[in-house]
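Q: Residue numbers (my numbering), protein chains in the order written: chain U, 1 to 381; chain G, 1 to 289.
Think of the hints as simulated: they come from the structure by calculation, not from any bench.
These numbers were taken from a predicted model, which means no experiment stands behind them.
Misleading hints may appear alongside valid ones.
[What the hints assert, rightly or not] Here chain U is said to cover these stretches of chain G; the calculated rule only asks that three of the stretch's residues, wherever they fall, bring their Cβ under 8 Å from a Cβ of chain U: (1) 134-144; (2) 186-199; (3) 230-244.
Note that beta-carbon positions come from the ideal geometry of N, C-alpha and C, so glycine has one too.
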Amino acid sequence: MRLHEYQAKELFANSGIPTPGSTLARTVDEAVEAAADIGYPVAIKAQVHVGGRGKAGGIKLVEDDEEARQAADEILGMDLKGFEVDRVLVEAAVDFVNELYVGVTMDRGEGKPVAMVSTRGGVNIEEVAEEDPDAIAREHIDPAFGLHDFQARKVVYDAGVDGDIARDVSRILSTLYDLWEERDGSDAEINPLMVTADGDVIAADAVFNVDEDALFRQPDLAELEEEAADDELEAKAIEYGFDYVRLSGNVGIIGNGAGLVMTTLDMVDYYGGKPANFLDIGGGAKAKRVANALDMVFSDENVDAVVFNIFGGITRGDEVANGINDALAQFDDIPKPVVVRLAGTNAEEGMEILNTELVQVEATLEDAVQATVNIATEVEQ
Amino acid sequence: MSVLVDDDTRVVVQGITGGEGRFHTGQMLEYGTNIVAGAVPGKGGQEVDGVPVYDTVAGAARAEDANAAVVFVPPAFAGDALFEALDAPVDLVVAITEGIPTQDMSRVYRRLQETDTYLVGPNCPGLITPGEAKLGILPGNIFEAGNVGLVSRSGTLTYQVVDNLTERGLGQSTAIGIGGDPIIGTDFIDSLELFEADPDTDAVVMCGEIGGEDEEQAAEYIAERMETPVAAFIAGRTAPPGKRMGHAGAIVSGSGTGTAQSKIDALEAAGARVGETLNEVTEYVEQFL
Numbered sequence: 001m002r003l004h005e006y007q008a009k010e011l012f013a014n015s016g017i018p019t020p021g022s023t024l025a026r027t028v029d030e031a032v033e034a035a036a037d038i039g040y041p042v043a044i045k046a047q048v049h050v051g052g053r054g055k056a057g058g059i060k061l062v063e064d065d066e067e068a069r070q071a072a073d074e075i076l077g078m079d080l081k082g083f084e085v086d087r088v089l090v091e092a093a094v095d096f097v098n099e100l101y102v103g104v105t106m107d108r109g110e111g112k113p114v115a116m117v118s119t120r121g122g123v124n125i126e127e128v129a130e131e132d133p134d135a136i137a138r139e140h141i142d143p144a145f146g147l148h149d150f151q152a153r154k155v156v157y158d159a160g161v162d163g164d165i166a167r168d169v170s171r172i173l174s175t176l177y178d179l180w181e182e183r184d185g186s187d188a189e190i191n192p193l194m195v196t197a198d199g200d201v202i203a204a205d206a207v208f209n210v211d212e213d214a215l216f217r218q219p220d221l222a223e224l225e226e227e228a229a230d231d232e233l234e235a236k237a238i239e240y241g242f243d244y245v246r247l248s249g250n251v252g253i254i255g256n257g258a259g260l261v262m263t264t265l266d267m268v269d270y271y272g273g274k275p276a277n278f279l280d281i282g283g284g285a286k287a288k289r290v291a292n293a294l295d296m297v298f299s300d301e302n303v304d305a306v307v308f309n310i311f312g313g314i315t316r317g318d319e320v321a322n323g324i325n326d327a328l329a330q331f332d333d334i335p336k337p338v339v340v341r342l343a344g345t346n347a348e349e350g351m352e353i354l355n356t357e358l359v360q361v362e363a364t365l366e367d368a369v370q371a372t373v374n375i376a377t378e379v380e381q
Numbered sequence: 001m002s003v004l005v006d007d008d009t010r011v012v013v014q015g016i017t018g019g020e021g022r023f024h025t026g027q028m029l030e031y032g033t034n035i036v037a038g039a040v041p042g043k044g045g046q047e048v049d050g051v052p053v054y055d056t057v058a059g060a061a062r063a064e065d066a067n068a069a070v071v072f073v074p075p076a077f078a079g080d081a082l083f084e085a086l087d088a089p090v091d092l093v094v095a096i097t098e099g100i101p102t103q104d105m106s107r108v109y110r111r112l113q114e115t116d117t118y119l120v121g122p123n124c125p126g127l128i129t130p131g132e133a134k135l136g137i138l139p140g141n142i143f144e145a146g147n148v149g150l151v152s153r154s155g156t157l158t159y160q161v162v163d164n165l166t167e168r169g170l171g172q173s174t175a176i177g178i179g180g181d182p183i184i185g186t187d188f189i190d191s192l193e194l195f196e197a198d199p200d201t202d203a204v205v206m207c208g209e210i211g212g213e214d215e216e217q218a219a220e221y222i223a224e225r226m227e228t229p230v231a232a233f234i235a236g237r238t239a240p241p242g243k244r245m246g247h248a249g250a251i252v253s254g255s256g257t258g259t260a261q262s263k264i265d266a267l268e269a270a271g272a273r274v275g276e277t278l279n280e281v282t283e284y285v286e287q288f289l
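Here chain G stands alone, though its shape is the one from the complex (with noise of 0.2 Å):
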């Protein structure tokens, strides 16, 4: 088992005749990923990788029985994208985009939750359930299957823990990379609630970084709905206030807010054992199993 992704997940990419998107179609497909359609307005007909083409997602959902959608569009045209995708309607929608504008992403969300898709990202590696379907740009071959979730902010921070845990034996059951921006749609929360309700996630590894207040609350969650042991690893301990550390979300504000002091804190309160590195990160995982 595992959680948003599986083996009956079936992809529509959005973008698939971009650079971006081309490149990453054959990845993906390489790795296992039902990709049966592509979309981009203008292009229907074409066919990428063998994948046909359509000028609309509701057209390529209905036309290949799509259920999700990864999109590769441009920032520009990546707002209307999503909502393109939450009207087709599909399950989920993977959005690698990076750099949409903020005010965008706030309507977006707002039309997310009307709906029951579950959205990764924006600017996020997407997700993979090792084996079975990736979602995204991550590296498949440093995964593998097992039971450990694992949620997180940061893309090649996600791949330096994964390969921590795949070389100590501690497979993944999912990995979801929800993305650094300020507006993203599936959170911590989100996340832990999948994980936590999944019979096949036995421990789950969460990486935060500084700036918000998501590793605070996702500490709540934890406290209170919980069983499932969480390791968690917080980025930026020693980043000075007030810069912004590439991530447009990660900053540590004037007023004290989104230190890591305060998150770790939060997550230790909440009984999850927080690594000051990330091989402390992966000691706790396997204590857990």
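The shape of chain U in the complex, shown without the other chains (with noise of 0.2 Å):
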């Protein structure tokens, strides 16, 4: 989960690391007026869980009254690569020398967290990772005993920060890693740390993704949750408690597991077809949940056919099965044509209670796919 970055600065400011003075925004007159209060030249900055927002025009540098009226006024409301702004940080610009990068997350590959700094600031660090990796010094760190101080200065000092300010920031990575250990951080970023010709550091963005499965512990971060969903559709699938992505082919996909859901992608794309979405129902697919799965591909008008695909351990092919015929039995008219395959625990029963004049049935994932690749192929045409 994501915290937008006001919300961040507050967490960071909280702990002691420096920001700049700042107030959040939620009409024109509210922006212009702490603008004013700040003193110029203020920064007005979109509130949005997306990244890129300055070159996507969701940053605005101001230098009065005027400029910021009609920066405001253009950055409230503007939908921002599919989310609409509601909210804008008026933020003190910070007048800089230097930018650098300060960030903790976990290492997955190595089990424990790492810490990173770079004194390639304020530019895409994945780009900084990707071309440079030398530009990027890490640490490691042991997540029994927390980062010590030593290690701080030790990435600070491997990442080549000048001296006089090294202390500063190997302190302001210490606080970072706290934060992000007791506030249960996925990833936790300052980028650009600003240097001022004065030897002050600040932060001048702030990124903190929180762990979703940590969430019960820490109740406040979980208010701040915003169901960040691309489109309705997504929305829905959350509301329905589904792992579900939206793509934009015409099959539509129902199964089981995400590994076994994805290999269904794979397939339909392997037959020729265009996958539109991504559905796991999880374990126990009961009635309900089965009948909610349809809801959600029916509801895409991309969708020209279906494929069910449930592999049952702990899931009855029978259940499944049950599910399958009571939630198109309400419909007079099955809205798309459904290609059900069933297997493991009990499917043979599944498959002869399912009601064929409802749906087709298939005994393999490949006979399912292709069968549902051809009939979406079919109405497409």
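Could you fit the two chains together into a complex? Lean on the hints.
A: Right, here's the structure in full:
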């Protein structure tokens, strides 16, 4: 779960990391008032959960009331990569001479946290990592001990940070790690960490992502969660509790288990079709979940045919079959053709239970996918 | 022969009195697994399906001579439960629980390095040596004893692969579901090492998926150390970057790492045969044997 910049900055500031003076504004008037209070120049920054806000026009630097009004008016309500901007952060612009990068994340390969520092801040750090991996100094952290002070110093010096600010930067890194650990961060980043002509360091941006599996013990952060769905169907999936990703094809896909559903997507592609979605209904697919899953794919206007593939381990084929029959019986007209394939526990019983007037039944994954792709292709033409 | 579990595996089930724990204890017993004890704080002295329950894992292990633990404890308490199993100690811990906070797993993983215990999971279906023992939630009826080792990051995909193998008369030595989380105990390389050392495993099937670099690292191991032939499958060829496909670890990051293609290329370069479909994987195994 991502925090907004202003929420992350509040966390950082409360821990003692220096941040520029700022105010959150939800209207143009609030923004102009805040800008005048802070004193020009100020930055007006869209608060949405997308990367690359600056390039997309979501961040503007302004010098006076008139410019502030114009910028706030432009940014508030704008569509930024599919998200409507409903609030902006009005923030004192920092006059900097250098931009650093400081971050903490989990290195999944090593199974331990890693602290990262670079003197190439202010740009997309993933690109830096790709083009010039040596430009980022890294220090792995033993989770039993946390980040030792010497390690914070070491990684800062390794990165080539100037000696006169190294102590301040390493202190900020230590604070960032402690915060990451205490608040169950998955990623914590300051990019850029700006260095002023006077040698002050200040967090000009703030990223803090929280481990969703740990929200149960971070109740105040859990409250900040906004269902940041890219579209209506993904929002619906969140409501139903499905793992769902919307894609652009016309073959609807329902299955159980992430790996098998991914494989079904790949098979659709293999047989020349285009997947419309990834939908994992999870284990123990009861009638209600089956009905909800069908509702999801039927609601997608791009879908021309649906493949329903269940491998029952714990999930029983007869239960799924009854669920499909019941769900489809609700319709006078089945909105889109459905091809079903059941395997595993009680699959044979399930296949017999399925009402073949409502669905097409296939015995293997290959046959089911191929049949669905054929139907979808015909419907499309 | 087999790896990690067999007739001599004596299991304590942590969380045996919960819904999942109780149900799957019944299923494991039915399969013939030696479930010798349960462990749930405050429930010592009770019985589940005739299995005695103890307050602590160490107490259960001592009293019933258990050498393995299966964990069905809810995510908020699972990290602690894993430390308890490692402390008991037992030789093998299988963590079925889904949704354990990543930082908890990082600490467990760190502790694990100081022990000789194998941890399988978390967020996995468990493992099975057909005809001998199953530790976890895999459907026992689709497996058949044989000489194909299987290691997979995904549950139902494993079942599909096993179903195909069994249908062609290709039985399995042991099947290990290592789980789809970012931090897991036993990984591909550990599993491949075990299969390579097992005289009765004559071919290995490895099912990977997008995200992380575990498959690429496994490829290096295959190239340098393995004689046993490997057939592989990578799920997620068509997954778009930046979208998490169910498993917490299954994501192609913005910088292009973790793609199916990089994994397929690495495995093929290492001499493994990578099937474009699951049927192709089965065919490769048939050719190996």
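Q: Are the hints correct? Go through all of them and say.
A: Now the hints, each set against the structure:
Chain U is given as covering the region 134-144 of chain G, and this holds because 5 residues of the stretch bring a CB closer than 8 Å to a CB of that chain, at least three being needed. For the region 186-199 of chain G, the proposed coverage by chain U is not satisfied: 0 residues have a C-beta within less than 8 Å of a C-beta in that chain, short of the threshold of three. Only residues whose beta carbon comes within less than 8 Å of a beta carbon in chain U count, and the region 230-244 of chain G has 9; three or more means the coverage holds.
In terms of the numbered hints stated before, the structure departs from hint 2 and from no other.
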